[in-house]
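Colleague: Protein chains in written order, with the working numbering: chain A, 1 to 305; chain B, 306 to 505; chain C, 506 to 939.
Worth flagging that the hints you see were computed from the coordinates, not collected in a lab.
Treat the numbers as computed from the prediction; the structure is a model and nothing was measured.
Every residue gets a Cβ at the ideal spot worked out from N, C-alpha and C, and that includes glycine.
Listed below are the simulated DMTMM-like cross-link pairs for lysine to aspartate or glutamate, each with C-alpha atoms no more than 20 Å apart in a straight line:
| id | chain 1 | residue 1 | chain 2 | residue 2 |
| --- | --- | --- | --- | --- |
| 1 | A | Lys35 | B | Asp439 |
| 2 | A | Lys35 | B | Glu409 |
| 3 | A | Lys3 | B | Glu406 |
| 4 | B | Lys351 | B | Asp468 |
| 5 | A | Lys88 | C | Asp780 |
Pairwise CB distance ranges (calculated):
| id | chain 1 | residue 1 | chain 2 | residue 2 | range |
| --- | --- | --- | --- | --- | --- |
| 6 | C | Ala727 | A | Asp207 | 40 to 48 Å |
| 7 | C | His578 | A | Gln95 | 21 to 29 Å |
| 8 | A | Leu276 | B | His460 | 56 to 64 Å |
| 9 | A | Asp205 | C | Glu748 | 32 to 40 Å |
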Amino acid sequence: MIKHLLSITQLSREDVGRILDTAESFREVGTRVIKKVPALRGRTVVNLFYENSTRTRISFELAAKRLSADVINFSTSGSSVSKGESLKDTALTLQAMGADAIVIRHSSSGAPYTLSHWVSASVLNAGDGTHEHPTQALLDLFTIREHFPSFEGLRLAIVGDIRHSRVARSLTFGMAKMGGEVTLVGPPTLIPPEATAWGAGVSHDLDAVLPKLDVCYMLRVQRERQRQQFFPSVREYSRLWGLSRTRVDALPDTAVIMHPGPMNRGVEIASDVADLPRAVITDQVTNGIAVRMSLLYLMLGVDRA
Amino acid sequence: MASNDAPREPRGVSVSGFAERARLLEAPEIRRSVTRIAHEILEKNKGAARVVLVGIAARGDDLARRLASEIEQIEGVRVPVGVLDITFYRDDIGMRAEAPEVHETRIGFDFTDSTVVLVDDVLFTGRTIRAAMDALVDFGRPESIQLAVLVDRGHRELPIRADYVGKNVPTRRDEEVQVRLAEVDGEDAVVVGEKEREPA
Amino acid sequence: MPNRVLFRGVRLVDPASGHDAITDVLIEDEQVMAVGNGTTAAKAHVVDGGGGLIMAPGLVDLHAHLREPGFEHKETIETGARAAAAGGYTAVCAMPNTEPVADNAAVVMEVRNLADKAGLCGVLPAGAITRGLAGEALTDIAEMWEAGVRLFTDDHNCVQSSRVMRLALEYARAFDVVISQHAQDAALTEGWQIHEGYYSALLGLTGAPAEAESIVVGRDIALARLTGGRLHITHTSAALSVEQIRSAKTRGLRVTADVTPHHLSLLDEDLVSYDTYLRVNPPLRSAEDRQALREGAADGTLDAVATDHAPHAAEDKDQEFDQAPPGTTGLETALAVVLTELVGPGLISLSDAVARMSTRPAEILGLGEHGGPIAPGRPANLVVFDPEADWVVGERPFHSMARNSAFTGRKLRGRVIHTMLLGTFTVREGEPTR
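Pulled out of the complex, with its shape left as it was, chain A reads as follows:
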């Protein structure tokens, strides 16, 4: 297994299969009374979170602890990160502490790449700027696999602010790698024209896409984007690209609805839609721990000497 997980494109199709299969076992561990195995005893996993993200950080923290690893949290509130220590100096400190893995979330695209040059630990990208969020894509693939027997030819639409979404990039590359068909949907200002070169189709008409979907993946739309005038108003955005109750009825019966969270209820997804059984959003969260355990196990349970 690769030493650093910086982009989902680094993984082969077989690697992805292996990660998901192993995650099945970790999901079973999560059903036990003692949800812990000694597999990574003695290892140290550092959560280096420059962006606030309680849910992802807790997911990684639980994953590491359930593997019996020691966990250190460096997050923006408190600790030297907030005092303005450079990324390089923080990296050298973690190196001196003997970290085996560093999970980094950062607002600068490429920060995990930069970090990997300064440490000998494994670096896991927990989200860098608008670039990628590979573990999110993996847990999404795991969740999709619960509902569909194969990725081959599976139709998935990602709806929303593709331009600024690291989740969209990782999921598009991940699905394409596993043989799925991805369509990116949203206003033209929020879909880079080069996205067609990612192996995805592009549409600005959500209603046309819905009847032919297996997975409808909604992205969070930040109100900031309206301030930056990527669309004229939230109302217009919601009307054209929001997943309303009526739109859900246009989906095939077997289709599922997904969202990486946190949701802007009423903007990209109607509140009652988010609570439907076919909206598997809470499953995504549960599966996040199993998938992250799988990654940590496969990446650290290795002799890299």
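Could you slot chains B and C onto chain A? The hints should help.
Modeller: Structure of chains B and C alone, referenced to chain A:
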């Protein structure tokens, strides 16, 4: 698939080449061993009342199911069967080029007042059984644990012993013993041989 | 006692005189004394050019950041001049975005004094177009012209206002000085990090479209036509810009342009590693843009190769990509890059390459003493290099204070052996003399 618990061989990952030297057990002998072990389990535990079988993946679980079937034929009782993957409890994680492959674990019953009979195909260094016991106690506190193996090939590195043994087979340390079962390998046999090293 | 140096058997490539042949060159004190086969001289130090060495007029850089005054932790005039000499340069135009900004004669004089003290390379300070580089009020162009300034620029800012740019071109006409524009539309490049294209989308980095440059180039060409002033487009990076410059020249407008060695060789796709050493302004662009730049350099649309030497301290570049300031060093690698990427593959002749790196930039700056011709009576400002010497960038320490070369780790072919400024070796056997 190799089923030794020698510390340097990845469990469940098929070895690139295996040069068979001799066949130790054929199908009829395996069948008789399973039958005898089933009788021994019933004798030692005075029946099947509080006995559960937990097979160690892989192949230990297939043996456990065969034992359960025998016990049902003999005693008319269905004992619960579970499968336990011990990969996460191994003592050699992080010593190889790839993390060891994982199999399914399914123990759908509470064994608190029961005797757990661990079932494995080959007993070698004892490390797999050590890991299995650590895993088992994370699931609950059994009344007692017993061990049934199809083949005991010696070379123990830990103070572990089997309660029920199909056949004792003396082997050299560097040899490899393969148990093949119809459910997985298409035939029943126990063979001994050498791993073919790939040229570096 | 006259100081004599005889270069024997060098291939002299001198576009100003049309020379391209193996010959002998005799230097006495500050001048070229004789050029021709069989030249002899008593008591001359002989330099043997027999190993295929090439002599050219000393290189002239239209665009380098020497950082002094104000940013001496990145570079000083002395270390920058040494780096320039090591790269074969005998004259460098120093950019005015120092602290204080070179927007008045006093700062210009200070730069000249520091340069004179350092020796090693001629330094011609550029002056700012607007006060404080703010893009609003014109500087005292005449006063700076009297202090020796021949090129005015607001680099790394762009003069955004059409009105101010027009006035600058118009006013400067009286002094026949060059107004050099860093073409970048601010509104289209807010928060930019790399070229807008496939790679900016892939890497999640904010892109700056080529149009942000070409829109300003088009506007300024129109203003040059309106005013009759001398417009120079520095570090041209986009095919769209090259087209317009070519068209402007065809129409007889006084428009000149330069391009950097890194834009002639590197691409946006090289940034997949998020290497901050490759973060430059303007950004590295697409293969189509690079092709147009190469064609422009070959046909003379792009008159000169200028380094845009931009040294930074290690801690500034050792940061997250969006935090790292843009810029790459260039003085010590420029000649080798041009030889390796353009001359070697036959995209441009050696003579034309020398013209772009020496003859033409000297003409644009009005530097009579540089750029050749290498002929009797002319000042001895020259470079001798080995076109076959292979080296790896960064293998040996740079002479610049800074290490941020976009070419770090690359193998280049072509190495400066000697640089001579007014008859004195500033670089000898590949090492600066002081």
